Every structure is written in C-alpha cells, then in structure tokens.
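Participant: If you want the building blocks of each chain, they are given just below.
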Amino acid sequence: MNPFFNLWLIPILPLAGAAINGFFGKRSSKQTVSVVGLLFPGAALAWALWVAAHFSSPSLPYQEFIAHWIRSGSFTADFALYLDQLSLVMLLVVTGVGFLIHIYSVGYMWDDPGYYRFFAYLNLFMFFMLTLVLANNYLLMFIGWEGVGLASYLLIGFWFTKDSAASAGKKAFIVNRIGDFGFLIGLFLLIQHFNSLDFAKVFVSVTHLPAGAGTESLLTTIGILLMVGACGKSAQIPLYVWLPDAMEGPTPVSALIHAATMVTAGVYMVARSHVIFERAPSALTVVAIIGTLTAFFAATIGIAQTDIKKVLAYSTVSQLGYMFMACGVGAFSAGIFHLMTHAFFKGLLFLAAGSVIHAVGGEQDMRKMGGLRSYIPWTFLTMGIATLAIAGIPPLAGFWSKDEILWKAYSGPHGSWVFWRIGIVTAFITSFYMFRLLFMTFFGEYHGSKVDAHGRVSRRRGHDNHAHGEPHESPMVMLVPLMILAVLSLVGGLVGIGNRFEDFLAPLFGSVEVSEAAGETASRFAEYVLMGVSIGVAILGFILAYVLYVSRPYLPQRIADSLNGLYVAVVNKYYVDELYASLFVKPLIDGSTHILWQGVDRKVIDDTVNNAADGARHVSDEVRHMQSGNVRSYAGWIAAGAAGVIAYMVWLGVGR
Amino acid sequence: MVPLSYYLVLSGILFSCGMVGFLIKRNIITIFMSIELMLNGVNLSFVAFAAHWHSLAGQVFVFFVMVVAAAEAAVGLAIIIAVYRTRETLNIDQVNLLKL
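These protein sequence lines map, in sequence, to chains A and B. Sequential numbering of the first sequence, starting at 675, is according to the working numbering. Sequential numbering of the second sequence, starting at 141, is according to the working numbering.
Hints listed in this document are in silico derivations from the structure and should not be mistaken for laboratory results. Here the structure is a predicted model, which means the values were calculated and not measured. Quick reminder that beta carbons are idealized off the backbone N, C-alpha and C, glycines included. Possibly wrong hints are sitting among the right ones.
Okay, derived cross-link-like pairs now, SDA-like style, lysine to any residue, Cα gap no bigger than 20 Å in a straight line [said to hold, decoys possible]:
1) B:Lys165 / A:Ala1313
2) B:Lys165 / A:Ala1314
3) A:Lys1042 / A:Lys875
4) A:Lys845 / A:Val1324
5) B:Lys165 / A:Trp1311
6) A:Lys1042 / A:Val1092
7) A:Lys845 / A:Ser1266
8) B:Lys165 / A:Ile686
9) B:Lys165 / A:Ala1309
10) B:Lys165 / A:Ser1302
11) B:Lys165 / A:Ile1312
12) A:Lys836 / A:Lys875
13) B:Lys165 / A:Tyr1308
14) A:Lys1260 / A:Val1244
15) A:Lys844 / A:Trp833
16) A:Lys875 / A:Arg791
17) A:Lys845 / A:Val1154
18) B:Lys165 / A:Val1259
19) B:Lys165 / A:Arg1306
20) A:Lys1260 / A:Ile865
21) A:Lys700 / A:Arg791
22) A:Lys1042 / A:Pro1230
23) B:Lys165 / A:Ser1307
Facing chain B, a subset of chain A residues (Cβ under 8 Å, in silico) [stated by the list, open to error]:
24) Ala726
25) Ser1302
26) Gly1303
27) Val1305
Let the sequences and hints guide you as you build the complete structure.
Facilitator: Structure follows, in structure tokens:
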C-alpha cells in the first residue's frame, strides 16, 4: 500500500509565496514580505521533512498523478511527481539549504528597495527547482529546468540598473540556451525511439533494448546530448563561462542558485538518467573527461582570482566537475553524495563571503581585506569550517564525499588512474586556493580604508546603506543560517561512513555498485593509501597557502613575476571569454549586421515592400493622365472600349 | 420587301456619323446633335429588328429611347446654357475642369 504524500504541495507552496509577494509585495511592509517569503518555503521544508520521516524504502518509487497534460496519439506526458531515494535527497537539500538562505536574505537584503521582488524571485526559483527534482518525466523536468534558468536570469540581473549585472544575466541565459538545445534534441530522440518521456517507461525500455552496436550508438548519442544540457546548466567545459559572471547577482543568490542547488541540476539529471548512461560507456567516458577537465581547469583559474566571489565561483565549477567525474566513472551515488555535502559547505562559503562583504561595506576585492578575524569572529569561524570541509580535511563533510569520488575514480567500473591523478592534483589546488582565500581575508593587516568602505556603499545598493566605520559583524538573522550550515558541513559527511549513503541510494544505482564490489574487498588497503594521499594533499595545500600568504606574504608577487606569461594567462582566465568572443560572438554579430540586417532585412525585405509601393505609384502616375478633363478624350476611350468589346464578340462569333 | 441588312447598314452609318461628330466637333451644341444622331441610329436598328421578327419589344424600346432623349435634350440644353453663362464659351476643350 502506498501512503499518500500530497507531494504537489511542496512545489506549490513557494509558488504561492512568489505570487503573493510578486503581486502585493510592493504595497506591503517589509515585515509582511519577510513573513510571506519565509513562511511558504518553510512550510515546503516542513512538508518535505514530514515526507522524509514517513516514507519507507519499499514504497519507493512513489508516483503521484496530478493532471493530464499532453496527450498526442499514443504519446502522453502528465503533470505527475516521482519520489525515490534520489529525489528525496535532492528535495531535502533544496528545501533545507534553500530555507536557510531565505532566512539569511532577510538580513542581507533588508535595505534593498527591491526587497519584495527579491523574495518573489527566490520563491519562484524554489518552485521551479522543486518541480525539476520531483518531476516524473523529462518534459516536466524540462519545465523546471527552464524555470530555474529564468529565475537565475532574473536574480543575476537583480540590480538591473547596473550594466554588468544586466549583461551577466543575459550571458547566463544565452549560454544555458545552447545547452538546452542539446538537451531538447536528446528528449526528441527519446520520444522518437521510446515514445515516452516518463522516467519509469523510458528506463524499462532502455534496459530491454537488445544489445548491439545500434543500441549503443543510439544511447551514446542521447547520453551525450543530455550531457550537453547538463554542461550548460552545471557550468562545465565548454559552457562554464556564465557562472563566474553570474556573481553579479546578490550573494544569497550566488549561494542558493549558483552553488547549492540549480547548478547541480545537471548532475541530478545525469544521475537520474543513469540507466541510459550505463548502457552507453562512451557517453560515460565523455562525462568523466568533461568533469575531470573542468575540475582541474577551473581550480587553476581559482588560484589567481582576487574577487572573493569569483574564487568561490570557480571553486563551484571545479567541484561540479568532481561530481561529473564521479558520474562518469559510474559512481553516481558518490556524485550525489558530493552534491549534498557541496550544497552545505559551498552554500556556507557563499553566505559567509556575503557576511564578509557586508562587514566591509560592499568590497569584494580580497586584497583590500585582511585581518578581519577579530572584527567578525563568527563569520570567520563558520567560513573556516567550510574551508576545512571543502579542502577535504577529515572528518568534515567534504572529505568523505571527495574521497569517495577519488576512490571511485580509481576503482569504479569505468575509472582509471588518469582521473584519479588529475583529481588529486585538483584536490591540492582546491585546498590551496581556499586557504589562500581564508588567509587573505581574515589574517594579516586590514587593508581596506574605512572612509573608502563608506564611500563605496552607493555602488552596491543591496545592503549597507548605513554608514561604515569599522568592519562589523552581521546581524543574528544572517549568522544563524551560517551556524546551521557550519554544523551540517561538520557532520554532513558522516552519513557516508560505512557506505550508508551509498546503500540508501542502492535501490537506484545498485546495478553499478555490485559489479564493482568484488574488486573492492581485494583493495581495501589501496583505499586507505589513497585516502592518506588525499588528506596529505589537503594539508599540503594548507601549508603552501600558509607559507605564501601568512608567513611570507612577499613571495606570491615574486612567484607571479617569475611565471610571467602563465600568471597573466591565469589571471585573465586563460582568455576563454575573449576566445569565445572572437570565435562565436563576433562572427555572429558581424554576420547579423552585414548579412542579416544590411543584406537580408534592408536589401530583400525592405526593398521588396518599398519597390512594390514605388511601382504602384509610378503606374498610377502614368494612368492618371487618361483622366484629362477633356470630354472628347473620354468619349474616345469609351468608343475604343466599345469597339474592343464588339471586335471581341465578332471574333467569338467567327470562332464558333 | 427591303432586306434587314439594308436597315442595319444605314443604322450603322448613322451611328458612325454621330460618333465621329461627337469625337471631332468642339461645339457643345453640335456634339449634342451628334448624340441624337447616334440614338436615332440605334432606334432604326430596333424597329428594323422588330419588323423582321414580328416582335413589338423593339418598338417599345424605341419609345423609351425617345422619351429619354427628350428628357436628355431638356436637361442637356439647360446645362449648356448654364455652361455658357459661367464660362462664356461653348468650346468643349475649354470645359475641362472634370479631372484629377
């Protein structure tokens, strides 16, 4: 017997909040807006927790039908929800972290004139994200997928009067569109070959496909197309360029959308489609290669960034790369595990960074910070925990999940030494740049001038309209979410001990893990060695950062000077944006200007219309002279016409 | 008995004279008379056909045409007088205001 969960309430509640705040927020007081903005996601969280407390594994997957949607011939797609272990994890992460970030936003956005708008968008985002994770078919998932893209666009461009924010929003939207194109074609292929987009039906059909080259090439194509979509949403090479720019949005947005939840949608989608990927090893390899390269590439860029949010953005890209690496080697549960812990510590890092930015009056350049440890001790403490967690120091959350991924990268069914090696180097870089961030921000001398911090306020309208003297600690409403997330970052990884998390997801991903279990017992020893290595590189990163940024702060400049060319390339993010601009954007603009606008629009379309009008005028100009006012010429025309008619009649008569 | 074609040829000649007069003459009165000539040409063909087919319809038509011609003459002469009063000419080429 299935319990009835009323799952539909979970996405609908934030939608109601968005509608109320969106329509009536402008005329309500900030208190009302906060209550509405927090109550509805809070209720969704409560409901999700209730579901989590009452589900029982045998009753999963649980499906809930809401309404008919598309019925076209034998193809159907309904509004229906789907709950299994995977979506349960996503559901709790999204509602839990989401709700904490909502609370934080009350403090962070309090002085912003667009306060109600912010909460309306944020709730709207929650609605779409929950639709995405709870959908029971690809099409409904795609609605959520596009919806979070919309919410992301609205929130990146939240301060839309700022040019850079508006264009960053557009960039995110357009780059995502490229990925969505691949995703959509993948969906069309699914419809063509399986006549369904329901997860359950598609996966059953996929498992029953006969083995053979045709099947494999079809599934590989679909898998790679789905991965293109995931690349866009989850900011993987080659479509990662939008995420660093997305940092133009308010910091809670960066935490919620561009770190904890939306960008992990791609990982979720790949994990959800694991049945397809498992039968298409080449597609899995592509996923693993993209993930590994992205992890490494983005981490190296993170080293040289000086904007505190940009460092975290590249770190996010890099960590997402880890998740894809895990999926690519067939260790989907490890990827989802890292997704969860990453949501905790990366959400925390962003919120803490927001607290730092708040403290110094809108400054984001780490070179102008330093020594903040004594001014904002709580932020320092929580951010320190998050840094330890992401660096992979045991027993914090990041250690367990990252170690799981690295181990699977080596030992997984599709793993190899190459992935592990790049992964371990990336882990070292991660540890280094995260401690660099921590040291530059919280240690040493405070470099920001106090007057400057005050004068800079007007640039960031979001917060801190009050005058600034010294850096000051954030209000309680911002600190409490930090502390809760810090606790989660501390203990969140413990659910992974003894493969408990993996066992929890085993009903879904079971088939992969079994094939690998046999080899695992033989190499227990190897696992501990690799674990030791990964702890070692994390500590090494810490030491290196300590040496460079605390004990010998003059060294980084000297190293940068000696690595001149490379350093400049890294600071400029390897010129990828410039490359894309000259490779795609400029030809597109030139082509549009010279061919489509000047050529097609002006020369073909405009000229057709204009020439038709001109022609009509010229002909009538000539014909008008017939009407001379001379009665005899009129009579002549009549006579000629009558003669013509008679001649015609006569000719007809002769012909007969 | 005179054959039908004789009447028709005469009718055609009358009509053509009227038309040519209408086209080449400049005096409005002359043009007016040319119109009458054309009407009578047509009348002739009507009565000729009526006699040939032993049908009264043609003769009835002729009466109608005569009535209309009489009305036309009345109105037309009035217009001509009005034109002469305002324009002081009966030359048709100088009465050319009816144009775009």
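Participant: Name the hints, by number, that the structure is in violation of.
Facilitator: 3, 4, 6, 8, 12, 14, 16, 17, 18, 20 and 24
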